[in-house]
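Please put together the full structure from these sequences, using the hints given.
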Amino acid sequence: MNVSCNGLNDGSVTLNVAGGTPPYQYQWSTGHTTASLVGVGEGAYWVVVSDNAGCLADTLYFTVGAPSAINAIALINNVTCPGANDGSIDIQLTGGTPPYQYQWSNAGTTEDITGLSGGVYHLIVTDSAGCVSDTFSFGVFEPSPITISIDSLSPVSCQGNSDGAIYISASGGTPPYGFHWSNGATTEDITGLGAGVYSLVVTDANGCVSDTFIVATLNAPAAVQLSGTVNNPACDGGDDGSITVVATGGVAPYNYYWSTGDTTNTLAGLTAGAYTVVVTDANGCSSTDTYNVVEGSNIVISTGIINATCGNANGAVTAAVSGGVPPYSFIWSNGNTNAVNSGLSAGIYELTVVDSNGCSKVASVVVDNISDIQLGFVVNNAICGGGASSGSIDLTVSGAVPPITY
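Residues in the sequence shown are numbered from 12 upward in steps of one, following our numbering.
To be clear, the hints were calculated from the coordinates, so they are not data collected in a lab. Hints are supplied without guarantee of correctness; some may be wrong.
Between beta-carbon pairs, the in silico distance windows are [stated by the list, open to error]:
1. 12 / 116: 28 to 36 Å
2. 59 / 18: 24 to 32 Å
3. 38 / 152: 35 to 43 Å
4. 289 / 212: 42 to 50 Å
5. 216 / 262: 54 to 62 Å
6. 74 / 112: 28 to 36 Å
7. 273 / 337: 33 to 41 Å
8. 152 / 112: 22 to 30 Å
9. 220 / 87: 36 to 44 Å
10. 218 / 266: 52 to 60 Å
11. 266 / 363: 40 to 48 Å
12. 152 / 259: 57 to 65 Å
Quick caveat: nothing in here was measured; it's all calculated off a predicted structure. Quick reminder that beta carbons are idealized off the backbone N, C-alpha and C, glycines included.
In structure tokens:
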């Protein structure tokens, strides 16, 4: 009799012996000495039988068979997304004696089981002969959540530029990944970016979506701003003007490039004119501005003259000044230091006016002399004698200042 189930030892061989001289002796390959061999497993066995007279029969060979072992082959469909319950195990059995009964560790009793989450599932199969399989174990894989990390941010170099970049890494889920950026980009890393906020959602090969999404903010430095202080020349035609520029924003340090060729933030010794500066920061961002140095205020001298008369020292000059920066100092060539210079004889007088900045202007004034009165006579005699009154005298006056009294 064959073994009932693979691996058991319930097979047996029973001999029916005739002939010879009983009783018989039995010598089995297992060492047994009985007519029947019981409690053996699958295999080949032989026996030698002898009778009471010592005669030997031919050696007999027997094979105890057994059903093949129950074996299970599984087609496993893993869980698609973290937390999902869409895994399945499809079983194909061989061996044993169909039909089979199934006992799964999750209480399932069908050949195939579905709606599974990630984990290990155990199966025991019993065939129609009551043979029980070994315990089969099958693992259903559940992918880890998709995670996103920012590797680095490359900020925008200058206000208004588009040279920023975001570099990220994705893991978990089931590669390959799909990248969905808020600006429409579909690559893992994105470049050529302006300042702003960018968000990312990642999907995997199973269509699973990352639980979290990243938000990355790219900043740009403030624009380079220039503030200039202009000091105009103190005097008309002067060369003591200056410009000082202060840069803010951008990324220090700053480089200065003036239209004069200078490379400092302050220009000095300037005459009137326009001066342009280009300031560049550490990122190469630049700002340009032009500053105008204005000519210093021109001192204007106007004079009122009273000429001397009759050779006397009674002339006078009154100076009125505008422009420059009051108060003014007056220096006359005759030593007077007032705006009014009086008691003057005829002559040329030079006036130097100095304002509070030390700027000066020189003016020359001519005081004339009104000469003595000169008389001219023309006599017209009477035409007839005898006391006739037809004569006349014509008088001409020069050198006098009208009106004239006769």
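How the hints compare with the structure:
1. 12 / 116: 28 to 36 Å: holds (35 Å)
2. 59 / 18: 24 to 32 Å: At roughly 29 Å between Cβ atoms, residue 18 and residue 59 fall inside 24 to 32 Å, so the hint holds.
3. 38 / 152: 35 to 43 Å: violated (58 Å)
4. 289 / 212: 42 to 50 Å: holds (44 Å)
5. 216 / 262: 54 to 62 Å: violated (43 Å)
6. 74 / 112: 28 to 36 Å: Since the Cβ atoms of residue 74 and residue 112 sit about 30 Å apart, the hinted range of 28 to 36 Å holds.
7. 273 / 337: 33 to 41 Å: holds (34 Å)
8. 152 / 112: 22 to 30 Å: holds (28 Å)
9. 220 / 87: 36 to 44 Å: violated (24 Å)
10. 218 / 266: 52 to 60 Å: holds (54 Å)
11. 266 / 363: 40 to 48 Å: Given range 40 to 48 Å: holds, Cβ gap about 46 Å.
12. 152 / 259: 57 to 65 Å: holds (58 Å)
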